[in-house]
Amino acid sequence: MKAVALHPVPSLPAPAPAPKRAEPTPAPAAPGRRLGRWLRLHRDQIRAGCVGLLALALFVLAWHLLTTNRVVFYVRFTNIPTPADVLGRGLAALRNPIFADHVLLSCRRIGLGFLLAGGIAVPLGLLMGRFRALREVAFPVCEVLRPIPAIAWVPMAIMLWPTNEASIVFITFLGSFFPILINTLQGMAHVDPVLVRAARCLGAGEGALFREVYLPACLPQIFTGLTVGMGVAWVSLIAAEMISGQYGIGYFTWEAYSLVQYADIALGMIAIGVLGLASSWLIRLLGRLVMPWAAR
Amino acid sequence: MVEPSRGRIEVRDFCLRYETLEGSVEAVSDAALTVEPGEFVSIIGPSGCGKSTLLNALAGFLTPTSGSVTVDGMPVSGPSAERGMIFQQYSLFPWKTVRENVEFGLKMKGLPRSERERQARTLLGLAGLSAFENHYPDRLSGGMKQRVGIVRALATGPRILLLDEPFGALDAQTRLIMQQILTNMWQRLKISVLFVTHDIDEAIFLSDRIYVMTARPGSIKAEVAVPLPRPRLPAMTLSSEFLGLRRGLMSLIREESLRAMGGEVSADAMKGLAIDLEGQDLAAVL
Numbered sequence: 001m002k003a004v005a006l007h008p009v010p011s012l013p014a015p016a017p018a019p020k021r022a023e024p025t026p027a028p029a030a031p032g033r034r035l036g037r038w039l040r041l042h043r044d045q046i047r048a049g050c051v052g053l054l055a056l057a058l059f060v061l062a063w064h065l066l067t068t069n070r071v072v073f074y075v076r077f078t079n080i081p082t083p084a085d086v087l088g089r090g091l092a093a094l095r096n097p098i099f100a101d102h103v104l105l106s107c108r109r110i111g112l113g114f115l116l117a118g119g120i121a122v123p124l125g126l127l128m129g130r131f132r133a134l135r136e137v138a139f140p141v142c143e144v145l146r147p148i149p150a151i152a153w154v155p156m157a158i159m160l161w162p163t164n165e166a167s168i169v170f171i172t173f174l175g176s177f178f179p180i181l182i183n184t185l186q187g188m189a190h191v192d193p194v195l196v197r198a199a200r201c202l203g204a205g206e207g208a209l210f211r212e213v214y215l216p217a218c219l220p221q222i223f224t225g226l227t228v229g230m231g232v233a234w235v236s237l238i239a240a241e242m243i244s245g246q247y248g249i250g251y252f253t254w255e256a257y258s259l260v261q262y263a264d265i266a267l268g269m270i271a272i273g274v275l276g277l278a279s280s281w282l283i284r285l286l287g288r289l290v291m292p293w294a295a296r
Numbered sequence: 001m002v003e004p005s006r007g008r009i010e011v012r013d014f015c016l017r018y019e020t021l022e023g024s025v026e027a028v029s030d031a032a033l034t035v036e037p038g039e040f041v042s043i044i045g046p047s048g049c050g051k052s053t054l055l056n057a058l059a060g061f062l063t064p065t066s067g068s069v070t071v072d073g074m075p076v077s078g079p080s081a082e083r084g085m086i087f088q089q090y091s092l093f094p095w096k097t098v099r100e101n102v103e104f105g106l107k108m109k110g111l112p113r114s115e116r117e118r119q120a121r122t123l124l125g126l127a128g129l130s131a132f133e134n135h136y137p138d139r140l141s142g143g144m145k146q147r148v149g150i151v152r153a154l155a156t157g158p159r160i161l162l163l164d165e166p167f168g169a170l171d172a173q174t175r176l177i178m179q180q181i182l183t184n185m186w187q188r189l190k191i192s193v194l195f196v197t198h199d200i201d202e203a204i205f206l207s208d209r210i211y212v213m214t215a216r217p218g219s220i221k222a223e224v225a226v227p228l229p230r231p232r233l234p235a236m237t238l239s240s241e242f243l244g245l246r247r248g249l250m251s252l253i254r255e256e257s258l259r260a261m262g263g264e265v266s267a268d269a270m271k272g273l274a275i276d277l278e279g280q281d282l283a284a285v286l
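Protein chains in written order, with the UniProt record's numbering: chain A, 1 to 296; chain B, 1 to 286.
Just so you know, these hints were derived from the structure itself, not from any lab. Every residue, glycine too, gets a C-beta built ideally from N, C-alpha and C. It is possible that some hints are incorrect.
[What the hints assert, rightly or not] On the chain A side, residues computed to face chain B include the following (Cβ under 10 Å): (1) Ala100; (2) Arg200; (3) Ala208.
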């Protein structure tokens, strides 16, 4: 390899020392400028929010036009309530204590079913994840029962349980149980084995491993399961409350059809949707509180 | 502080084979090594030679097919806090803060909360990590995570410390700094250490003795003493003694690494790979 002649690098003159000048500390931005900066930084979210609202407004507008004009084009809008009707019934319902009773009773049933489901599915999922023998016994049975929709369980539920109330809670329980179980199993399957080994090298016994490693490691997945489970519980509600007479928002919605109170059907649907969304959101919030390390 | 009479590791006639579809594979065959109480011993060898397997058996995660693994005369039958281990992958519990991680072993021992906190704080102070006490691990750099991992393992006062390529995932500069930190810590504690690495310089810098393993099936090829004075200083890596040790170990390892890469290497094969020996004898190169 021939050496390439290098030109001698001229020595650079020593740089003149930079004139000493105190850096001005940035003045606290005036509130108006802060707002401007906030808006700029959150441009994307703001735009998404505006687009979302616009889409919802268009949806309501389409609904209004289709129903007030009683449009028929194979799909029939003749009897569908208009947004104004539903809004009217909604405002009346908010003032009506009986409607509140319906809502509260449904919430109680969902709450009970959900808590039972979580109370059984989470420990079961953890144990199934940890002990192969249990998984081999329990998993096939769960997988066979899982696809059966809540509404198909209604006759069985009525026969199995002594009271109507118990049958209803059973249906909501079934709705939440499987998503919670499956997600807990997923969480267990993905626990990092090096964490388990590290814990064992620090003297952790079986119980401590569960409490200190498996459970916290699965928490994010468990909360996903709980959020989904809560949603599915509300979905099963109408099927469940068809069993009972008299009360419950699901019952209210179902009966509105036979009572020719069409606006109440839409009201009931919207109420269930809103309650389902709100309860899922509460679970997510709870998750964020319980898992401070996942706040990234 | 560990009394220097504790922490004697003895591995005799160690064999480990496992079953695969193709037949049984011998990972380690007839390995034997000793670590005296308070000694820092490294194992180096090519990838896949079984050095991690040996370490895992010492930790209690694997059982040898034959042979014995004992610590202070007691056979190893499962993982315990007596044999602390630091892994190559980051193993801090993400849901615990740095201090809670360090407290973990003490919690398993049954210490009350105030006592645990006190001890953990002291240890973190000694390691220079007090400022990060309440951080979650995801806020730490790789080097800091491994430092916390070491402190966590030492908190329970184990008889021996096992390290499985703990600095392998770190960048070169951080690795050098971590080696100095480890040797300074060890200098104070004098705990028995078995350290697995593929980095020869790291092994020489840290250890009192080095075992060289053969390619799979692994056994002990050679045992080399490192007579460098203690405490070890970075400048020693340039001394003629250090370089001499390195040259010797490199040739030992090179042979095994080539073997691990796929059988005997002939001069023709080398030509095929376009590695020009410049007229030298293959044996001379190796």
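Which constraints among the numbered hints does this structure fail? Numbers only, ascending.
1
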